[in-house]
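These are the residues of each chain, in order.
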Amino acid sequence: MSGEAKASILEVRDLTVSFRTERGLVRAVDGVSLTLNEREILSVVGESGSGKTLTVLSVMGLVHSPNAIVEGSIRFRGRELIGLPDREMRRIRGGAIAMIFQNPMTALTPVYTIGHQIAEQVRAHRRFSRRAAWAHAVALLASVGIPNPSGAAHRFPHELSGGMRQRGVIAMALSCDPALLLADEPTTALDVTVQAQILDLIRKLRSEFGSSVILITHNMGVVAEIADRVAVMYAGRIVERAETRALFREPRHPYTLGLLGSIPPLEGERPRRLPAIPGVPPSPFAIPAGCPFAPRCRWSQAACAARPPLLAEEGHETACILSPEARAAARSELLAAPVGAT
Amino acid sequence: MSGQANGSLLETITLTKRYRVGNHLFSRHNKVVHAVERVSLAVQEGETLGLVGESGCGKSTLGRCLIRLYEVSDGRIFFEGTDITFLGPRALGPHRERMQMVFQDPAASLNPRRRVGELLAEPLIVHRRGTRAEIRARVRELLREVGLRPEHDERFPHEFSGGQQQRIGIARALALAPRLIVADEPVSALDASVQAQIVNLFLDLQERLGLTYIFIAHDLSVVRQVSTRVAVMYLGAIVEIGPTDAVLKAPSHPYTQALISAVPVPDPAAPNRRRIILEGDVPSPIDPPSGCPFHPRCSFATDHCRSERPALAPQGRGWDVACHYPLGTT
Chain A
1 MSGEAKASIL
11 EVRDLTVSFR
21 TERGLVRAVD
31 GVSLTLNERE
41 ILSVVGESGS
51 GKTLTVLSVM
61 GLVHSPNAIV
71 EGSIRFRGRE
81 LIGLPDREMR
91 RIRGGAIAMI
101 FQNPMTALTP
111 VYTIGHQIAE
121 QVRAHRRFSR
131 RAAWAHAVAL
141 LASVGIPNPS
151 GAAHRFPHEL
161 SGGMRQRGVI
171 AMALSCDPAL
181 LLADEPTTAL
191 DVTVQAQILD
201 LIRKLRSEFG
211 SSVILITHNM
221 GVVAEIADRV
231 AVMYAGRIVE
241 RAETRALFRE
251 PRHPYTLGLL
261 GSIPPLEGER
271 PRRLPAIPGV
281 PPSPFAIPAG
291 CPFAPRCRWS
301 QAACAARPPL
311 LAEEGHETAC
321 ILSPEARAAA
331 RSELLAAPVG
341 AT
Chain B
343 MSGQANGSLL
353 ETITLTKRYR
363 VGNHLFSRHN
373 KVVHAVERVS
383 LAVQEGETLG
393 LVGESGCGKS
403 TLGRCLIRLY
413 EVSDGRIFFE
423 GTDITFLGPR
433 ALGPHRERMQ
443 MVFQDPAASL
453 NPRRRVGELL
463 AEPLIVHRRG
473 TRAEIRARVR
483 ELLREVGLRP
493 EHDERFPHEF
503 SGGQQQRIGI
513 ARALALAPRL
523 IVADEPVSAL
533 DASVQAQIVN
543 LFLDLQERLG
553 LTYIFIAHDL
563 SVVRQVSTRV
573 AVMYLGAIVE
583 IGPTDAVLKA
593 PSHPYTQALI
603 SAVPVPDPAA
613 PNRRRIILEG
623 DVPSPIDPPS
633 GCPFHPRCSF
643 ATDHCRSERP
653 ALAPQGRGWD
663 VACHYPLGTT
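Chains as they are written, first to last, in the working numbering: chain A, 1 to 342; chain B, 343 to 672.
Just so you know, these hints were derived from the structure itself, not from any lab. Note that CB positions come from ideal geometry on N, CA and C, so glycine has one too. Worth double-checking, as some hints may not be accurate.
Here are the in silico distance ranges between beta carbons for each label pair [as the list claims (entries may be wrong)]: (1) B:H469 with A:V111: 47 to 53 Å; (2) B:L551 with A:M89: 54 to 60 Å; (3) A:S65 with B:E549: 34 to 40 Å; (4) A:Q301 with B:A592: 52 to 58 Å; (5) B:S626 with A:V111: 52 to 58 Å; (6) A:G72 with B:R360: 56 to 62 Å; (7) A:E120 with B:S530: 30 to 36 Å; (8) A:H64 with B:S626: 38 to 44 Å; (9) A:R13 with B:A592: 47 to 53 Å; (10) A:A132 with B:E501: 51 to 57 Å.
Reference excerpt, derived from the structure (chain A facing chain B, CB under 8 Å, subset only) [said to hold, decoys possible]: (11) H158; (12) E159; (13) V192; (14) N219; (15) A224; (16) P265; (17) E333.
To list a few chain B residues with every Cβ distance to chain A over 10 Å, as calculated [what the hints assert, rightly or not]: (18) P465; (19) P608; (20) S641.
Model the full structure from these sequences, guided by the hints.
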């Protein structure tokens, strides 16, 4: 448990990202607050359109659309990032804060070798000679487990396999020893065998460099393996947040319950039907005024027409009005065996 | 050979697919990709065979060869007892309508400029299945069958969510009342909460219509939920094939074991499992390793494995494995 106040590296307060569109203002991220502690791995879980990617892109200062409005506060080591001049943001981005994108093929330019791209990044942030930067790039490729790193540095992205490319992207993200790593679905495009290797790498990053990590994923298995805490997002809001063990032991929000219930088990009895969540996530143009999940929720009631606040009980936050008894009943109904109750 | 020894719906004998790569039209130095290597399997009516393996293992190519979407290089395919391996388009037609495919990306497999009603009517018109009114009625029935509303036939594909688009893809595959459906990663592009809906739909349709599936996926837990049997592929060949629950519980091939151990378990309180981290990447199918194709990454490999390729054969526990030293038998 995180009893004592740990030093926080990132403080996001009431982050709202909206877009001006022909059909009016659309809120893609709606009042998200989160704190990331030093050396912590936080997972953000949610479906496409839940706002999880936009949240981390805002931290990177990469929400560039002229029609986008980013409001709220993002403090990195006490320093406000929103409204920071581009010059200064560039110094932080890729340096103290680095990001790994989902698709390594689009994160790398096809016209330069891997080594060149990493060395370029190093020289953008540090006073390294070309030769030293190249040597650093090769060392980084070795540290992420690429066989024959000095040979691989001379290769172009298309000459590497998907797993090797993603390692290249990770090596680039690590090139300036980032204090904060933002990873957006870093293993989704990869095979499970490679995914296991990449997750090990992220763990090593924390233990060796002391980095803090925000890992976006939709895979609850990945969350269970790697995260200290989890934030579940739905329709631009955080609907549940807890320490990983607590969330899996006692999921409280019906959406989280639905997510956990819809994973087919890899062992034990197979359910005849999966308890799927009915319907689809709301379009950002038509997010319900009250609880955004209410239209898909089996336990919704009149009171759900008002927006439920994110309330904490013993460090476990939930944005849902159901009583503890109602939640327990929902749990036993949806989850055959309580997950993690062993 | 006159096929159908045991009444299988689909059977292959040493099915092989090779591609030539390189631009040297007249050169003898062209390289050959061994995408599918001597695959022999039989699929019984009403069952679901799951095909799993890493990307590039040939599972999609095999799936497409099975229903003749790709030309086969060698071997034989029997469907309903008929050798369809080299049938021309005209002779293949009547067989084709009873084997259909569902693709991974529903948005890419539906023509964006045509209404859903037209998309579903197309196969019915091509195969002359009744009058306009009958076809219209069938289209509405198909939409209901996959959990959409009949009045949705006036809409365009982009007006639907990913899960609904996949339902349309499934409806299109069902249009001609096939017996066999090859589904290539049909849920992997969908959001978690929608995946379960589509998995349930596959199971419901199978129960209602008595369909036979070949279900290609990389997600082992999804494959386990839908399949009666599972075939594990590595470098174009099947390395293990058997009853899904038994194989996933106690795999016989070291590769199957490594694949299962890599799946993250959604339970942070689970005792730390022994994870087998496979070193390196899948070797290139252009120049596959000698002997057992898995030997460079296998921790049990011996000289025997390096020199002689193990055949896919019964291993004593009731299913077939291509390994000289299958797990759990010694």
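Take a look at whether the Cβ-Cβ distance between S626 of chain B and V111 of chain A falls inside 52 to 58 Å.
This hint is violated: roughly 24 Å between Cβ atoms.
Verify that the Cβ of P608 of chain B lies farther than 10 Å from every Cβ atom of chain A, and report whether the claim holds or is violated.
About 4 Å separates P608 of chain B from the closest Cβ of chain A, which leaves it inside 10 Å; violated.
Take the C-beta atom of R13 of chain A and the C-beta atom of A592 of chain B, compute their distance, and say whether it sits inside 47 to 53 Å.
Holds: the Cβ-Cβ distance is about 52 Å, inside 47 to 53 Å.
Cβ-Cβ distance between H64 of chain A and S626 of chain B: within 38 to 44 Å?
About 40 Å separates the Cβ atoms of H64 of chain A and S626 of chain B, which means 38 to 44 Å holds.
Between G72 of chain A and R360 of chain B, does the beta-carbon spacing fit 56 to 62 Å?
The hinted range 56 to 62 Å holds for G72 of chain A and R360 of chain B, with Cβ atoms some 57 Å apart.
So the hint says 34 to 40 Å: do the beta-carbon atoms of S65 of chain A and E549 of chain B match that?
The hinted range 34 to 40 Å is violated for S65 of chain A and E549 of chain B, with Cβ atoms some 47 Å apart.
Does A224 of chain A meet its interface restraint, that is, does its C-beta lie within less than 8 Å of any C-beta in chain B?
4 Å, holds
Would you say S641 of chain B is clear of chain A, with no C-beta pair closer than or equal to 10 Å?
Holds, because the least Cβ-Cβ distance between S641 of chain B and chain A comes to about 14 Å, which exceeds 10 Å.
Minimum Cβ distance from E333 of chain A to chain B below 8 Å?
At about 15 Å, which exceeds the 8 Å cut-off, the nearest Cβ of chain B leaves the hint on E333 of chain A violated.
Would the stated hint for V192 of chain A survive a check requiring a Cβ distance to chain B of less than 8 Å?
4 Å, holds
Can we keep the N219 of chain A interface hint, with Cβ of chain B closer than 8 Å?
7 Å, holds
51 to 57 Å was suggested as the range; check whether the CB atoms of A132 of chain A and E501 of chain B agree with it.
56 Å, holds
Of the hints listed earlier, those the structure fails to meet are numbers 3, 4, 5, 11, 12, 17 and 19, in rising order.
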